[in-house]
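**Q** Just so you know, the sequences run in chain order X and W.
Quick note on numbering: the first sequence equals residues 13 to 485 in our numbering.
Quick note on numbering: the second sequence equals residues 214 to 659 in our numbering.
What the hints contain is simulated information worked out from the structure, not anything from laboratory work.
Computed list of lysine to any residue pairs in SDA-like fashion (alpha-carbon distance at most 20 Å, straight line): (1) X:374 / W:458; (2) X:249 / W:263; (3) X:334 / W:294; (4) W:292 / X:378; (5) X:380 / W:462; (6) X:380 / W:464; (7) X:374 / W:294; (8) X:380 / W:308; (9) W:226 / W:305; (10) X:334 / W:336; (11) X:374 / W:460; (12) X:380 / W:460; (13) X:334 / W:335; (14) X:361 / W:294; (15) W:292 / X:216; (16) X:249 / W:262; (17) X:334 / W:297; (18) W:292 / X:372; (19) X:361 / W:293; (20) X:380 / W:286; (21) X:334 / W:295; (22) X:374 / W:293; (23) X:334 / W:305; (24) X:361 / W:460; (25) W:582 / W:541.
If we take Cβ atoms under 7 Å as the criterion, some of the chain X residues that face chain W in the derived model are: (26) 110; (27) 112; (28) 208; (29) 209; (30) 211; (31) 216; (32) 325; (33) 328; (34) 329; (35) 331; (36) 334; (37) 371.
All C-beta atoms in this analysis are idealised placements derived from N, C-alpha and C, irrespective of residue type, glycine included.
Each chain, letter by letter, is given below.
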Amino acid sequence: MPMIEETLERIRNGEITPSEHLEEKIEILERRDPELNAFITKTLDIAREQARQIDGVVREGGGEAFYGLVWGIKDNFALKGVRMTCGSKMLENYVPPYTATPVEKILSNHGIILGKLNMDEFACGSSGETSYFGPTKNARNPEYVPGGSSSGAGAAVAAGMVDLALGSDTGGSIRNPASFNGVVGLKPTYGLVSRYGLADLAMSLDVPGPLAPDAYGIALAMDVLQGYDPRDRVSAKRKLPFLRSVDSFDPERVRIGISESLLSGVDPAVRRTTEHVVNFFESKGSEIVEVDLPDIWVAFPTYYLVMYPEFASAMQKFDGIKFGHRVDADTLYDTVARSREEGFGKEIKRRIIMGTFISMAKNAEWYKLALRARTTLLQMFQNAFRKVDIIVSPTVPTPPFKLGERVNDPVKMYMADALTVPANLTGIPAISFPAGWKDDLPIGVQLMGPRFTDHVLVSAVRFFEKEGSQWSE
Amino acid sequence: MVRIGFEIHVQLKTRSKLFCSCPTNFLEAEPNTNICPICTAQPGSKPDGINEEVIRKAVLVALALNCKILDRPLRFMRKHYFYPDLPSNYQRTSEPFAVEGELNGVRIREIHIEEDPGRYELREGIVDYNRSGVPLIEIVTEPDMTTVEEARDFLKHLRAVLDYLDVILYPEIGFRVDANVSIEGGERVEVKNINSIHGVVRALKYEIARHKRMLAMGKKIVRETRHWDEVRGVTVSLREKETAEDYRYMPDPDIPPYSIDSTLVEELRTKMPELPHQKRDRLIRDYGIDESAAWTFVLDKELGDLFESLAKQFGVKNAVAFCLNLRGELNYRDKYLAEIPRRERLTKLAELYFGGDITKPVYVEYLRKILDDPEFVPIAQEQLSDDELRTIAREIIAANPQAISDYKNGEKKAVNFLVGQIVARTKGRADPKKAIQILREELQRL
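Next up, chain X with everything else stripped away, as it sits in the complex:
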């Protein structure tokens, strides 16, 4: 997994052309993907054509931010003319007539798109196993799950099939596979990256973000991806100095928070890895502060009260008539019912049923209660961020688990999200980076910060990469 800075340098100084670089990636793809199943749709022709054009531009001394770096796009972002399946039978043959804003930005900044990446169906899953197109495997050990829902993104970056990947995070879907595959993944501040063209999971939680082998890749990607988009009215009119500040992390001016409520009950190796990171920052002069997060237990139930109803609402459009898989029946009702019966997988149906139930008129109080709980959580984090700049926690409570181990136990599966959902509910940025290993499986650690300090988190990870070492047991 070559570092992004080096690859970029090799292309810019002419050591390798974008086309040659692409062929290297395609070679890895052809070698590794039959086993890993990270791609749903490969766009080799488009990629090669793009590379040829960028070759010329770079030869002339030009080139935009990515200079032909190779991207994979999670298959819930629209790319005009290329099918977008969302990992579902429902959209097996859906071809969007438009391109998502983040994808447009990648293209216009000379990112080469190698294909659409596997994912849990409609981004519902934490293990990459609910995809209609088969599970993705962990790039470090194919007997293990790659995490989810951006499963293909995590595996493709870790295996070196792509330089960078675009994922989406609703409850941990970028950070979880980043953690399980040993790569870096940023869930940006809600609204920092436009959601236009990202298929909905839960609209008030969804945020697109990058996965990369290193913090530099994240900073490079975020400088392009961030920014206000009139087509997404919740997007923020903010731009953060990612690359400009990537090397300006000063440990002595940063207060690091830890909280027992984010560590209790996690796997011992994961706990030791997290403490290793805290010790590292302490050794570099950071002040370590124990923060109290008394209401953190609210996050988990609140997440489901918010996500289920929003998801059920978002899924409403898939009726077999306008989009997606269709089963013709005698009545309108039967057409809709049977199309949904056949088109959706088990976890999707579970969430639609739960979401429909929660949003029924007689239960209207629940969703309102959840919105109030989000305010409480936000206030709790705001209080904590008066005392500290960064909160350190594990990304996932356990190291990667084996394929099939949890897929039939939703409660156990949902537990994987316990430490990632608070950032979505409060809209704050959170980054996962590889900090340790247990039995050759990666363990990720998460940094959370106040809204619009995404660039500080990235620079902290960059500092750890340069000055720190991986925990190993």
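For chain X, the structure is supplied; the task is to place chain W on it using the hints.
**A** Just chain W now, kept in the frame of chain X:
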């Protein structure tokens, strides 16, 4: 006692749709050409911001109906139901932005903004999404009307207000009405989707008679939703749908709550155009016409405008006569003057008639032709000279010996028959009074 209340849906006249920049002219455009990823709810698309022009027009209506504009941020809710005309299977509908208004003695409960669904032709199984996302306002009244006449008068007044504000997208479509009806001793029944004021009157009459009949037979009137069948002139129960309905309202997370700017409200208040009741008072004051004629003209905006211009050209008396006559013909066709194309033809007609270039029968005939035939243009016709008329009278007398013998036997109606023959033969080019005079002279010579 009868109680009637309305929910009135008005498609607003704006250039683009509520949440995207597609044009709103769904009637003229080829099916499924005014569409984009947003108004067809492509997976991943998000609504653009709320069209400001919609807010302006909606607030204008609310102010004209004497509503209070609420200053809390306006949320758009998702109303979920499965239907082929609804691309996302939820409709976006705002919370009320205006409350506690009044028009024609009827209280306005609230007004909110909605998006129109597409058009679904059930029989052909065809959907046209050109209309999907066209902005609507829904005006909800209190059940303050107690007779069909009051209900009709209210709707006519409301229609006039909307025309004066120039906010209706298609005058020929006007507005869609859901009517709530109850009579003492029975539950409230909602009659959905009535497309014209005339239709409302018919539906209300039908429904009130049905309620009375039910009660007289000792039957219960249950709370239900019924559909107005325009062709058969009956209401049909949709009850099973109603009992199953739970729209699962939820604030749309893609649309940040919208704060209506108070300076915009004040600006619109000062720019408010003349409203029907103001124009009525002005017509009475400036032209000295009676209140009933003034209200008749004012209720049809174009007619009121026509009256004023004709009164200036041809005098108040002529203008009143012309416009009352025109109103009668329009009533017969259940139309507003705005629905008649090339209305300058009416001014031309008035010129011809009041200038003495055409006779009264020709004027009446031309008026009807103008209303029924968009191609017809009135032109002056030379009237027949006395000599020509006398020649024709002689020919008619020679050709109708039976009528002549009837006349001789004292059958005075025979004269009317013969005059009719002359008028028909001359295609209106004869002045009937003169024709009678000449005919009588010729008959006396026999």
